[in-house]
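So the protein sequences, as listed, match chains A and B.
This note's numbering puts the first residue of the first sequence at 1, with every later residue one more than the last.
This note's numbering puts the first residue of the second sequence at 1, with every later residue one more than the last.
Just so you know, the hints here were simulated from the structure itself, not pulled from any lab data.
Because the structure is a prediction, the values reported are computed rather than measured.
Incorrect hints may appear among the rest.
Said to hold, decoys possible - Below, a list of computed lysine to any residue pairs in the SDA-like style, where the Cα atoms sit at most 25 Å apart:
no.: 1; chain 1: B; residue 1: 264; chain 2: A; residue 2: 231
no.: 2; chain 1: B; residue 1: 264; chain 2: B; residue 2: 212
no.: 3; chain 1: A; residue 1: 194; chain 2: B; residue 2: 92
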Amino acid sequence: MFFFFLDLLALGCINAILVLGLNLEYGYAGILNFTYYTFAAIGAYVTAVTTMGKPPPYLGNESYILQWTLPWPVGLLLGGVAAMILGLIMVFVAVRRLRSDYLAIVSISVGLIVWEIVTNDVHLFNGSNGVFGVPPITGSLPISEAGYTAVIFAVSFACLAFFWWVARRIFRSPFGRVLRAVREDEILAASYGKSVFGAQLWIVLIGSFMAGVAGGLLIDYVSAFNPAGFLPVETFVLLAALIIGGSGNFNGSIIGAFLIIELLLEVSRFVPDFGRPDLVGAVRAILIGVVLIVVLRYRPGGLMPESGIRLYRKKKGEAKQPEPAKEAP
Amino acid sequence: MHLLFESIGFGLVTASVIALAAVGLSLQVSVTNYINFAYGDFMTFGAYVAYSVGAAGVNFFLAAAVGGAVTGLLGLAANLAVFRSFIERKARLITLLVVTLGVSLILQNAIVVIWGTGAYRYPIRMGNALHLGPFILTPGAIILILLAALLMFGLHLFLQYTRFGKAFRAVSNNNDLALASGIDVNRVVNWTWVVSGFFAGIAGVGLVLETNTLRPVVGFNELFLVFAAIIMGGIGRPYGAMLGALAIGLATEVSGMFVDSAYKSAIAFGILVAVLVLRPQGIFASRGRTD
Numbered sequence: 001m002f003f004f005f006l007d008l009l010a011l012g013c014i015n016a017i018l019v020l021g022l023n024l025e026y027g028y029a030g031i032l033n034f035t036y037y038t039f040a041a042i043g044a045y046v047t048a049v050t051t052m053g054k055p056p057p058y059l060g061n062e063s064y065i066l067q068w069t070l071p072w073p074v075g076l077l078l079g080g081v082a083a084m085i086l087g088l089i090m091v092f093v094a095v096r097r098l099r100s101d102y103l104a105i106v107s108i109s110v111g112l113i114v115w116e117i118v119t120n121d122v123h124l125f126n127g128s129n130g131v132f133g134v135p136p137i138t139g140s141l142p143i144s145e146a147g148y149t150a151v152i153f154a155v156s157f158a159c160l161a162f163f164w165w166v167a168r169r170i171f172r173s174p175f176g177r178v179l180r181a182v183r184e185d186e187i188l189a190a191s192y193g194k195s196v197f198g199a200q201l202w203i204v205l206i207g208s209f210m211a212g213v214a215g216g217l218l219i220d221y222v223s224a225f226n227p228a229g230f231l232p233v234e235t236f237v238l239l240a241a242l243i244i245g246g247s248g249n250f251n252g253s254i255i256g257a258f259l260i261i262e263l264l265l266e267v268s269r270f271v272p273d274f275g276r277p278d279l280v281g282a283v284r285a286i287l288i289g290v291v292l293i294v295v296l297r298y299r300p301g302g303l304m305p306e307s308g309i310r311l312y313r314k315k316k317g318e319a320k321q322p323e324p325a326k327e328a329p
Numbered sequence: 001m002h003l004l005f006e007s008i009g010f011g012l013v014t015a016s017v018i019a020l021a022a023v024g025l026s027l028q029v030s031v032t033n034y035i036n037f038a039y040g041d042f043m044t045f046g047a048y049v050a051y052s053v054g055a056a057g058v059n060f061f062l063a064a065a066v067g068g069a070v071t072g073l074l075g076l077a078a079n080l081a082v083f084r085s086f087i088e089r090k091a092r093l094i095t096l097l098v099v100t101l102g103v104s105l106i107l108q109n110a111i112v113v114i115w116g117t118g119a120y121r122y123p124i125r126m127g128n129a130l131h132l133g134p135f136i137l138t139p140g141a142i143i144l145i146l147l148a149a150l151l152m153f154g155l156h157l158f159l160q161y162t163r164f165g166k167a168f169r170a171v172s173n174n175n176d177l178a179l180a181s182g183i184d185v186n187r188v189v190n191w192t193w194v195v196s197g198f199f200a201g202i203a204g205v206g207l208v209l210e211t212n213t214l215r216p217v218v219g220f221n222e223l224f225l226v227f228a229a230i231i232m233g234g235i236g237r238p239y240g241a242m243l244g245a246l247a248i249g250l251a252t253e254v255s256g257m258f259v260d261s262a263y264k265s266a267i268a269f270g271i272l273v274a275v276l277v278l279r280p281q282g283i284f285a286s287r288g289r290t291d
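If we strip away everything but chain B, and leave its shape as in the complex, we get (with noise of 0.2 Å):
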């Protein structure tokens, strides 16, 4: 019973990563139609960028904040250099799909030329680990997790109460109809990218925390996680990306208990799976309203 509440604890720190990956990229595709395969790697340039201005010796928290910011400005960047050019002139989705793995490339070994392939370390500790009730957990854990409420808390205010959260939604509800109501839509879809960036950006450095290694790949490999969980929670919903991380979270980590940990992936992978056979709206998709 103690080894359940431990890995249901260990379940919430890998969810909480995931679900701020999962509501970036799921947030990116309501309103774009279209995912981002280099999502992961805008994860890994994220924890980068923290993990270089966390060197300079600046505190860690702003580290983090700094590398969130920078991974928003890449997204953005991207989004007018690259995937701006492809939408007006009508790209097709697969050939979409393709040129955003292409910038996954480009990321990749960009970060391999400017940080070489070597491992990294956070020089940061977590602290000792605290019992908690049932639960073990370490400080810098029980913060990830709060800080990764508070930022889709935050989100979900920004959406449901802002004049410009408003727009997003409808422009991600009907584009059409969002550029008919004079709604700039081209301005929201840049607003998008950095948001996305800066969501994936915090959600690599919290990557990082969590698993202690900071490699060129780190974000390409997490990257079917993240799918996963908005596949379950129903591919361009926010709300159902953050339930799917947490399904997926637990689900990998409680796992571990009965097969070798080795395969936490595999029984990602299985669940998704089963989802898609099973309920490909996702799970927590209502009623009504496909995509």
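Just chain A, with the same shape it has in the complex (with noise of 0.2 Å):
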């Protein structure tokens, strides 16, 4: 049972971070990332390929690049920074016109692109077997799988504090306001005299990275990575998570992570199935599904709404609470 709260509260933290990071693109910025775990599994695979070395011949048959045997601080960075890579293609893949939809339209291609082609092309990631026996960040320490978790527990709480702190840091500065303000009316920003783009991708730049550490402890925790991992769902329950939590508030994304990710996800998994395996799963996305429509349509700041000083409120009947939004000074 304490094994089993122990394994909750890591892979809350790592949902938390990705959650955060999530925040910072679609709840600071209102950039509509419908890939965003896509640059979480860039991190995990990096992550794996810069750490573990030759592949051990008694795992069978395991193809990668790189084959590094840097220690896993630096895989973990190698990661974030992928991740960061990819985020730069995408931004500016779409720097014409940075609208929502298009972006959205975007993304969700990078998505489908990167799973197919790591899913075809053995040599990068080994294909859909996917990377595994990435050894634990311990070394050979002699230490019990509660141990483990624990230390787990411990380095993904360390990122997490980092992070919220940066987030949090993002949130209160000049250039959190940009964001604000470019998310509300881009038009404005500009007449400002803000660089739209600038904001926009620094904002995907940090939220990416945060997607890439997270995925890298994801796969030193669960030391295998493969590309039924990252279907577009994975995604939409951090998007759930954030906008339930409430979007653009730092606390608001943590609550949302460790609500929505453990609670639906991870507790629901000891439920009976109905005798067919795929209808937990297809029911659980429904409800999330059914759930996010619910909090979007009646209470749509979340359970922490963003909070702010008011400087105009909008007209009244808009869907989302009165937004703040302060110009920088």
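Two chains, two frames, a set of hints: combine them into the complex.
Put into structure tokens, the structure is as follows:
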């Protein structure tokens, strides 16, 4: 039982980093990235191939690039950097018109392409079988399973604390105000001399980095990852957690991550299934979709709405809560 | 040279499926001004309905028509139950897009609940390949291309020469002005969802005929080819979407001559990127009109 809770905490911290990163893009800047989890996947793969060295022969035929044996913190960083590069590509593709629908289309396309290439190209990350046998970050130390979970929990918690601090700093900084201005009205923000593109680029880079690190932590914990692990539905779960927790609120993201992902996904794994293995997942996904739409309709601010100084109020009857927006001084 | 004509033949089949889907989506976007990310799942749904109706022993063309009609009703239901209330509250575009993705998730998994995750095939055969001049096509493929062309021509007649088609074009051009001239905008929007759903359903059936597998994700995975087509044609311009689909269909198949066909969609994505970077308003968009 104790191990079960420890496991929930460790995975909860990793998920919270992901939701926090998505919050930077969607909540702060209004950038609709429909394939955020792909960034975590890239981080996971790159962390794996830069730390695990040559594939151990007893694990069967595994082929992947690089095969470096770097220390795990470097692997995590490289995972984050790789995700940033993907983010850079995505933003530059949509550069001319970073309108939310164009960017959403480009993001979905990027997700499908990455998925297709990773699945088809066996040399890259071992194709559809994925990479496995990633060594634990504790190296050859004799450590129990629960002990290792505790180590991962500690590292993830430290990362989460750091990213939470970053998110909080950004929210309160002039940069955060520019982001909110861009989210509310790009033309207005630009007319105040703020670089709309620059703001969006930077926040996608930071958000991607967080996704990459979270993906790296995940693969260091579970030691394997394959294309079945980053289907489009994963991003949707994060998005649901973010919106239910409170989009734009750095505390709400963490609440949402623990509440939604833990409650709905982890705990419900212990509910008996109804005979068909595919049914549980499908019903769960439908439930998430319904809850998300209901929340967006009746409580668009989520559990913890974004707070801030209100300089102007939108017209009555707006779907979104009155948005705080403040021009940079 | 033979191979080239063969690829062009396949490209025409792919193009007609994408064109059907793109025209439906483009029509909906032009009227409602937001993209429906559940559109791919509408296609899947239509294909499954047609499969079930066909499995009950109904003539296949009739089954496909039923699939289209039921998907049209699904589009109407989605608008009435979900999208309309967000529009009435003047929700932001970004919220609407998330909502349509939510509908996509619900629909995709509802399909899993109803039909399971297994792959199905349609009981009909496309027939033996025919040599038509330099092209090699099956009779089924030819019927598919002709039907797609016929449906799009029908939509063209409907939009250009009927009173209701005029109302469509008016709403898509300027919502407020249409309202002021006494057009029942709500009714037009509802019918848009029906027509768009119908095209999605038929395109889904065509897609399954072309690729020969029916799985819960077929439509979702096809979605960005459809996006590529409508972006090429200029978002919200049904006629541009047809040409965009032709370009995407031909490009994906002809490129198969030079690169591994597993990367077909990567090619389509490359085209999408090129269009977005070089000419974001669409290749076939006229001057003086954005969006």
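Structure-based check of each hint:
{"no.": "1", "hint": "B:264 / A:231", "in the structure": "holds (20 Å)"}
{"no.": "2", "hint": "B:264 / B:212", "in the structure": "holds (17 Å)"}
{"no.": "3", "hint": "A:194 / B:92", "in the structure": "holds (22 Å)"}
Checked against the numbered hints given earlier, this structure breaks none of them.
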